[in-house]
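> So you can see what is in the structure, the chains are spelled out below.
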Amino acid sequence: DTEVTQTPKHLVMGMTNKKSLKCEQHMGHRAMYWYKQKAKKPPELMFVYSYEKLSINESVPSRFSPECPNSSLLNLHLHALQPEDSALYLCASSLTGVHEQFFGPGTRLTVL
Amino acid sequence: DAKTTQPTSMDCAEGRAANLPCNHSTISGNEYVYWYRQIHSQGPQYIIHGLKNNETNEMASLIITEDRKSSTLILPHATLRDTAVYYCIVRAYSGGGADGLTFGKGTHLIIQP
Numbered sequence: 002d003t004e005v006t007q008t009p010k011h012l013v014m015g016m017t018n019k020k021s022l023k024c025e026q027h028m029g030h031r032a033m034y035w036y037k038q039k040a041k042k043p044p045e046l047m048f049v050y051s052y053e054k055l056s057i058n059e060s061v062p063s064r065f066s067p068e069c070p071n072s073s074l075l076n077l078h079l080h081a082l083q084p085e086d087s088a089l090y091l092c093a094s095s096l097t098g099v100h101e102q103f104f105g106p107g108t109r110l111t112v113l
Numbered sequence: 008d009a010k011t012t013q014p015t016s017m018d019c020a021e022g023r024a025a026n027l028p029c030n031h032s033t034i035s036g037n038e039y040v041y042w043y044r045q046i047h048s049q050g051p052q053y054i055i056h057g058l059k060n061n062e063t064n065e066m067a068s069l070i071i072t073e074d075r076k077s078s079t080l081i082l083p084h085a086t087l088r089d090t091a092v093y094y095c096i097v098r099a100y101s102g103g104g105a106d107g108l109t110f111g112k113g114t115h116l117i118i119q120p
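Order-wise, the sequence lines are chains A and D. The numbering of the first sequence is this note's numbering, which starts it at 2 and goes up by one. The numbering of the second sequence is this note's numbering, which starts it at 8 and goes up by one.
The set of hints was computed from the structure by calculation and includes no laboratory data.
The following residues of chain D were derived to be distant from chain A, with all beta-carbon distances above 12 angstroms:
1. Gly22
2. Arg23
3. Ser32
4. Asn60
5. Ser68
6. Thr72
7. Glu73
8. Arg75
9. Ser77
10. Thr79
11. Ile117
12. Pro120
Below are the DSS-like pairs computed for lysine-lysine, each with C-alpha atoms no more than 30 angstroms apart in a straight line:
13. Lys112(D) - Lys39(A)
14. Lys41(A) - Lys76(D)
15. Lys112(D) - Lys41(A)
16. Lys39(A) - Lys23(A)
17. Lys59(D) - Lys76(D)
18. Lys39(A) - Lys10(D)
19. Lys42(A) - Lys112(D)
20. Lys112(D) - Lys10(A)
21. Lys76(D) - Lys42(A)
22. Lys10(D) - Lys59(D)
23. Lys59(D) - Lys112(D)
24. Lys10(D) - Lys42(A)
25. Lys39(A) - Lys20(A)
26. Lys112(D) - Lys23(A)
27. Lys41(A) - Lys10(D)
28. Lys54(A) - Lys10(D)
29. Lys54(A) - Lys20(A)
Even for Gly, the Cβ is constructed at its ideal location relative to N, Cα and C.
Go ahead and model the full structure; you've got the sequences and the hints to work with.
So, in structure tokens, the structure goes:
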């Protein structure tokens, strides 16, 4: 299994909703990442997990809450989002050290 | 991580070699050059990376100048499916840890039939 899966593919939520994005990989990677990509812009790093511990938070607002329950699974919990948070949310994984990152197809989020 | 400069867009004829340049004049000795691409509405895809020597894999070749201040990604026989945004990223060695990628604006490569 050499892929990163993300669910759901699309998500529409209101500003008062609570939802979660899920990312899964079974490649034995111990580093996992969340990126946010606005339309026509490059991806921007949000969070990095290394060995299930949060190692990098790029000053992301607290309405985004990441969680890494085990080495294969990464969640992004969403609460009280704003319309400007509408974007493609990408998950990636890699071996630690200097290794390529494998990206999932992303979840396209729309906040109404 | 060092900053990179790439042309905004490039065209290439199908079947010809596509040569994508990247300038990284402030690169440090422990920084690698990575190339990723993103086909429309998909996640980025790793292509190749290198430190000093030229590298080749089944997708592409990476040519790094001797002073390491610039590099060129070569797609030897471009097809329509190679139309994508190509990102050149310079990234330091992180030891046993994990660092995220800092994407620049990239080059939008359009393969013409």
